[in-house]
Structure formats: C-alpha cells, structure tokens
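So the protein sequences, as listed, match chains A and B.
Sequential numbering of the first sequence, starting at 1, is according to this note's numbering.
Sequential numbering of the second sequence, starting at 1, is according to this note's numbering.
Incorrect hints may appear among the rest.
[Claimed, not checked] Selected chain B positions facing chain A (Cβ under 8 Å, derived; list incomplete): (1) H74; (2) F78; (3) F82; (4) G100; (5) M106; (6) T110.
Honestly, the hints are just simulated from the structure, not real lab data.
None of these values were measured; they are calculated from a predicted model.
Glycine residues also receive a C-beta, built at the ideal position from the N, C-alpha and C atoms.
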Amino acid sequence: MKLKRNTMLLLLPGTVLLILFLFLPLLSILFPTFFNEAFTIGKYVEFFKDSYNLGILWRTFKISMIVTIICVILGVPTAYFMSLTSKRTRSLLLAVTLFPLLTNSVIRSFAWITILGKNGVLNSFLLSLNIIKEPVGLLYSEFAIIIGTVYLFLPILITTVLGVLDNIDGDLIEAAQTLGANYFKSFTKVILPLCIPGILVGSMLVFTGTLTAYTTPQMLGGNKNMMLATMLYQEASALGNWTNAGVIALIMIVVTLLVMQIFNIIANQFDKRGEDENA
Amino acid sequence: MGFVELKNIDLSYDGSKYILKDLNLTIEKGELVSLLGPSGCGKTTTLRIIAGLINPNSGSFIVDGENLTNVPVHKRNFGMVFQSYALFPHMTVFDNVAFGLKNRKMDKNTIKEKVGRILEVTDLSQFAGRFPKQMSGGQRQRVALARALVVEPKLLLLDEPLSNLDAKLRISMRTEIKRIQQKLGITTVFVTHDQEECFSISDKVAVMNNGDIEQYDTPENIYKYPSTEFVARFIGFDNFFNVEKANYHNYKDIFGHQFVIDYEDSRTQAVATIRPDDIQVVPEDSNMNSIKGIVDVRTFLGDSYQYEIKTELGKINVNHKSEKPYQQGDAVYLLMPSNKIILV
Numbered sequence: 001m002k003l004k005r006n007t008m009l010l011l012l013p014g015t016v017l018l019i020l021f022l023f024l025p026l027l028s029i030l031f032p033t034f035f036n037e038a039f040t041i042g043k044y045v046e047f048f049k050d051s052y053n054l055g056i057l058w059r060t061f062k063i064s065m066i067v068t069i070i071c072v073i074l075g076v077p078t079a080y081f082m083s084l085t086s087k088r089t090r091s092l093l094l095a096v097t098l099f100p101l102l103t104n105s106v107i108r109s110f111a112w113i114t115i116l117g118k119n120g121v122l123n124s125f126l127l128s129l130n131i132i133k134e135p136v137g138l139l140y141s142e143f144a145i146i147i148g149t150v151y152l153f154l155p156i157l158i159t160t161v162l163g164v165l166d167n168i169d170g171d172l173i174e175a176a177q178t179l180g181a182n183y184f185k186s187f188t189k190v191i192l193p194l195c196i197p198g199i200l201v202g203s204m205l206v207f208t209g210t211l212t213a214y215t216t217p218q219m220l221g222g223n224k225n226m227m228l229a230t231m232l233y234q235e236a237s238a239l240g241n242w243t244n245a246g247v248i249a250l251i252m253i254v255v256t257l258l259v260m261q262i263f264n265i266i267a268n269q270f271d272k273r274g275e276d277e278n279a
Numbered sequence: 001m002g003f004v005e006l007k008n009i010d011l012s013y014d015g016s017k018y019i020l021k022d023l024n025l026t027i028e029k030g031e032l033v034s035l036l037g038p039s040g041c042g043k044t045t046t047l048r049i050i051a052g053l054i055n056p057n058s059g060s061f062i063v064d065g066e067n068l069t070n071v072p073v074h075k076r077n078f079g080m081v082f083q084s085y086a087l088f089p090h091m092t093v094f095d096n097v098a099f100g101l102k103n104r105k106m107d108k109n110t111i112k113e114k115v116g117r118i119l120e121v122t123d124l125s126q127f128a129g130r131f132p133k134q135m136s137g138g139q140r141q142r143v144a145l146a147r148a149l150v151v152e153p154k155l156l157l158l159d160e161p162l163s164n165l166d167a168k169l170r171i172s173m174r175t176e177i178k179r180i181q182q183k184l185g186i187t188t189v190f191v192t193h194d195q196e197e198c199f200s201i202s203d204k205v206a207v208m209n210n211g212d213i214e215q216y217d218t219p220e221n222i223y224k225y226p227s228t229e230f231v232a233r234f235i236g237f238d239n240f241f242n243v244e245k246a247n248y249h250n251y252k253d254i255f256g257h258q259f260v261i262d263y264e265d266s267r268t269q270a271v272a273t274i275r276p277d278d279i280q281v282v283p284e285d286s287n288m289n290s291i292k293g294i295v296d297v298r299t300f301l302g303d304s305y306q307y308e309i310k311t312e313l314g315k316i317n318v319n320h321k322s323e324k325p326y327q328q329g330d331a332v333y334l335l336m337p338s339n340k341i342i343l344v
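Make a model of the complete structure from these sequences and hints.
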C-alpha cells in the first residue's frame with residue numbers, strides 16, 4: 001500500500017512521543033545490562049543460572065498460561081451466549097462485563113483480599129457451613145493471583161471474542177442447522193473454528209497482560225509468590241539495583257514478543273482459508 | 001391432500017401486527033413452486049417457517065402426511081440455499097458439501113461417493129479442494145445448491161438464490177436449477193421478487209402481499225388472468241379504470257366510452273386494466289374501445305417508446321413502436337383490443 005506523505009505526517013506526533021518517552025528511556029535502562037567495562041551478557045547468564053530466578057520465570061509463565069486457559073474456557077461460551085441474546089439484554093450484559101474495568105485494579109485486588117483473607121467472606125461462609133474447621137489460607141498464593149488476574153482480564157477476552165462472533169454471518173449457523181447440525185454441532189463445527197483467530201487474539205492479550213501484571217500479583221501473591229513484574233519492582237525500588245531490573249525487563253519484553261509471534265503464527269494458520277492462493 | 005401443506009399459518013412478533021395471517025398453501029410432489037412478491041410481503045418468512053427457522057404462532061405444517069410443525073430445523077431433512085449462499089468459509093468445497101452427510105453419520109466412502117456424484121452434476125468436480133473465497137459467484141451458487149441437494153432432501157428451499165448474480169449468469173443458472181430439479185424430481189419452494197425469473201421456472205406461483213397469498217396458479221394463468229389489482233400491477237398491468245356492465249361483453253366507463261371486453265365476468269361493476277404493451281396508438285377514432293388523449297411525456301425504452309398520455313380516464317401508459325415517434329402535445333387515439341382488457 002502506498003501512502004501519501006501527508007498521511008504519513010499523521011504518525012509523527014505518536015512516533016516522536018514513543019521515541020522520546022519510551023524507546024530512549026528503555027535503551028538507557030537496557031544499555032547498562034550489556035556493559036561491564038566491555039560488552040558482556042554476563043548479567044543474563046547470571047540470571048538464568050539462579051534457580052530462584054528460574055522459579056519466578058516459570059511461575060510467571062505458568063500462571064499466565066493457566067489464566068489464559070481459564071479465561072478462554074469461561075469467556076468463549078459467555079461471548080457466544082451474549083451474541084445470541086437480544087440487543088437490549090446484550091448491552092446490559094456487556095455493561096456488566098465491562099463494569100470491573102471501570103474500577104481501579106488496586107481496588108479490585110482489595111476486594112479479593114476481603115473475599116479471600118483469613119477473616120474474609122469466603123472463609124466465614126465455609127466456617128458457618130461447617131465445611132472447614134479452621135480458616136484456610138487462600139490469600140497470598142498462586143491461586144489468589146490466578147483468581148484476581150482472571151477477574152482482571154476476562155472482560156478483555158469476552159469483548160474480543162464477541163467482536164469476532166458478531167462478524168460471523170448468521171446465515172452460516174442457520175445453514176448448518178438446515179444441514180442437520182444441532183445447536184452443539186453448529187457451534188463446534190462452524191462457529192468455534194471461525195472464531196479461533198479471535199480467541200487467539202484475546203488469549204494473546206490476556207497472556208501478555210498477565211505476564212506483565214504487577215498490582216494483582218503484588219497484592220494477592222505476597223512475597224512468596226513473586227512474578228517477573230513484582231521481582232522487577234523489588235530489584236529497582238527496594239534494592240535499587242537498576243541493572244538487574246533492566247535484565248528482567250528485557251527478558252519480559254523478549255518473552256512477550258516471542259509469545260505474540262507464536263500466537264500470530266497460529267492465528268494465521270487458521271485464518272488462511274485459501275486467501276493466499278488466487279482463484 | 002398435497003405433499004406439502006401449510007395450514008392457517010399465523011405469525012406475529014408482538015401479537016397485534018401480523019406478518020403472516022391465515023396463510024394456506026398446498027404443494028404437490030415434484031412441483032417447483034415460487035413465492036413471488038415485493039419485499040416485506042412475507043415470502044421469505046414463509047420459506048423460513050417451512051425450513052423451521054421460525055416457528056409460527058399457530059397453524060400447522062405437514063409434509064408427506066407427517067406433521068412437522070414442532071420438529072426442529074436440524075431434523076427436518078430439507079435442503080436450503082440462502083441468498084448469501086452461506087458457505088462455510090473455513091471448509092473446502094468438498095467439506096462444505098459433505099457437511100450434511102457427516103451430520104447424518106454416514107461412513108467415509110459413502111460420503112465420498114455421494115459428494116463426488118453431486119459435484120459432477122453441478123459441474124464442480126475440479127473445484128473440490130478450493131475454498132469458497134477462491135471461487136466466483138456462480139460457482140459458489142452451485143456449491144450452495146450441491147450442498148443442499150446432496151442430502152437428498154424431502155424439500156428444496158431456495159431463498160432468492162440468483163439475486164447476487166449478474167444478469168447473464170442469472171438466466172443460465174435458473175435454467176440449470178430447473179434442469180437439476182426436474183432430473184431429481186425434488187419438490188422445491190423458490191422465493192423471488194423477480195417475476196420473469198419466477199415465471200420461467202415455476203410450475204406454480206403464489207403471489208404474496210401483506211402476509212397473505214393473493215393468487216396461487218400456474219405462471220400462464222397468473223400472467224393472463226391476474227385475480228386482484230395487486231397481482232395485476234405486480235406482473236405489469238397498468239391503466240386501471242372503473243367500468244360498468246351494460247350487457248354481455250359490453251361495458252361503459254364513467255364518461256360513457258364503450259368497451260367490448262372478452263373477459264368472462266359476472267359482476268356489474270369492475271376495474272378494467274390493460275398492459276402498456278397491448279394498447280395500440282391509432283390516428284383516428286373508432287366507436288369502440290378507444291379514447292382520445294394528448295401525449296404528455298415520452299421516454300425511450302430501446303425497442304419502443306413509452307408514452308404517458310393524458311386522457312379523460314387519467315394518465316394512460318402506452319408502449320409503442322414506431323419509426324416516427326409522437327411529440328409532446330400530439331393528439332392520439334388509444335385502442336384497447338377487447339381480448340387484452342381484463343377485469344379485476
């Protein structure tokens with residue numbers, strides 16, 4: 001596509017902003033991680049040698065994966081249901097879905113603290129029903145991080161998938177039904193395959209979002225269940241070690257880019273449907 | 001009793017405004033029946049009720065003696081071709097066509113054989129591995145038809161299947177549809193707003209208006225003898241005027257012009273109508289079936305001119321072929337042959 005020079009000018013303000021306030025500061029942080037008198041990748045080797053660091057990297061990856069899977073399992077049927085409802089019900093449901101996004105993530109995490117804490121709503125409830133004898137430590141665990149993050153990112157997956165479902169021609173479902181497919185089959189054979197690209201995009205947003213999330217792991221995970229973002233903050237803020245923070249930052253960037261690339265490749269596979277070849 | 005029976009079908013979404021009101025339709029086995037009407041007349045709705053995509057508020061739907069009113073879409077075993085074709089974009093032509101057979105849990109070899117045969121009939125064999133996006137409109141149309149036919153449906157439902165094709169392809173496709181329909185002897189309901197298309201392939205036509213069938217007859221009868229003013233207008237009659245019977249086939253309009261009308265009708269008051277093509281423009285007055293007028297507007301239609309002529313009866317539209325066209329303001333006489341006027 002050929003763009004006119006005037007059109008390219010529209011990109012200028014954004015580009016300048018990004019270069020001045022994102023790329024340059026990023027470089028100034030990353031630069032020292034490769035230099036210790038001469039060029040070296042020693043800092044990175046050091047990072048990967050430490051089993052504590054690897055544990056955090058693995059936990060971050062694992063939690064991101066679990067959160068993404070849970071969001072897909074919960075979000076896709078919800079989005080499908082919403083796509084079938086009438087316009088009014090649907091805007092109501094959409095408002096409910098998006099409502100959590102209107103509150104600050106600190107407040108949302110606090111809500112989960114009151115729910116999951118030792119004296120929290122959930123424990124009191126289970127105690128009163130005599131299901132448990134003593135309060136269980138739900139808070140400050142991977143479980144708490146997962147719940148909080150799913151809550152955080154589910155709306156994003158739902159809205160992304162809903163957008164894709166809306167673009168699926170309603171005739172396709174009816175066609176599937178006239179050809180003998182019941183509701184379940186027309187969903188699995190027609191709708192699901194068609195919204196896989198959308199599910200992948202949503203998953204990518206959830207995955208990278210979880211991977212880089214800070215507030216929720218910090219507030220619900222505690223110090224035992226550190227993730228990359230919380231470790232980065234600790235290195236920089238508490239320990240004042242900006243070089244190590246830079247190392248973690250680059251690792252997070254690389255992992256995020258890698259994951260996005262993988263998702264893109266898979267999405268393209270599904271989205272092909274013969275468009276590349278000519279009729 | 002017919003092969004397909006729609007009995008007293010009512011449909012309303014709010015209980016007060018009826019989309020279909022007491023609709024009755026009988027279709028014999030092997031017939032191709034068209035539902036013809038302007039947009040909003042309920043023809044597509046009727047088809048969707050037949051398909052099971054909409055449930056009527058009341059009434060029953062019977063096929064081959066079996067009451068299907070409450071049978072869900074996927075158990076009806078009908079084939080439907082959608083206006084948009086509704087081909088599955090993520091499946092090849094082969095998989096699109098095989099979809100219905102797979103739902104019927106047939107084994108792989110049977111599916112392969114059946115799909116192969118129908119692709120041959122629809123002239124698509126070389127495209128089996130293609131995706132819908134790689135095909136032209138006419139080819140997609142044939143895939144949609146093949147997909148609907150391969151399941152050997154009891155009924156074939158076509159919802160304006162030709163409206164997305166260009167004029168030339170439309171004509172060859174409708175012949176194709178007729179050929180396949182006759183060859184397989186499959187009972188077919190065809191929805192269209194195009195009267196030429198509908199007349200050319202239908203055994204019977206149901207002209208619909210405001211959620212009801214105005215006339216249900218063979219294309220020839222509808223073309224020659226529309227039973228209501230609406231049908232007459234829809235199929236190209238024009239120039240409506242009131243007449244009163246004097247005796248036998250002799251009629252008078254309100255100004256006393258005399259008309260001989262061959263059409264058999266027992267009423268004393270009726271509305272006469274004639275197609276613009278059937279009116280002759282003559283230079284002199286004759287006693288019967290003729291009125292005087294002044295040329296008001298002339299438009300060129302290619303093979304003829306259309307005149308709007310001011311007369312005592314109001315504006316009369318006439319299509320007339322002549323080497324030397326009449327000019328605006330010319331006085332002319334319009335002759336309406338007795339066998340061309342009908343009463344509605």
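The hints, checked one at a time:
no.: 1; hint: H74; in the structure: 5 Å, holds
no.: 2; hint: F78; in the structure: 6 Å, holds
no.: 3; hint: F82; in the structure: 5 Å, holds
no.: 4; hint: G100; in the structure: 4 Å, holds
no.: 5; hint: M106; in the structure: 11 Å, violated
no.: 6; hint: T110; in the structure: 15 Å, violated
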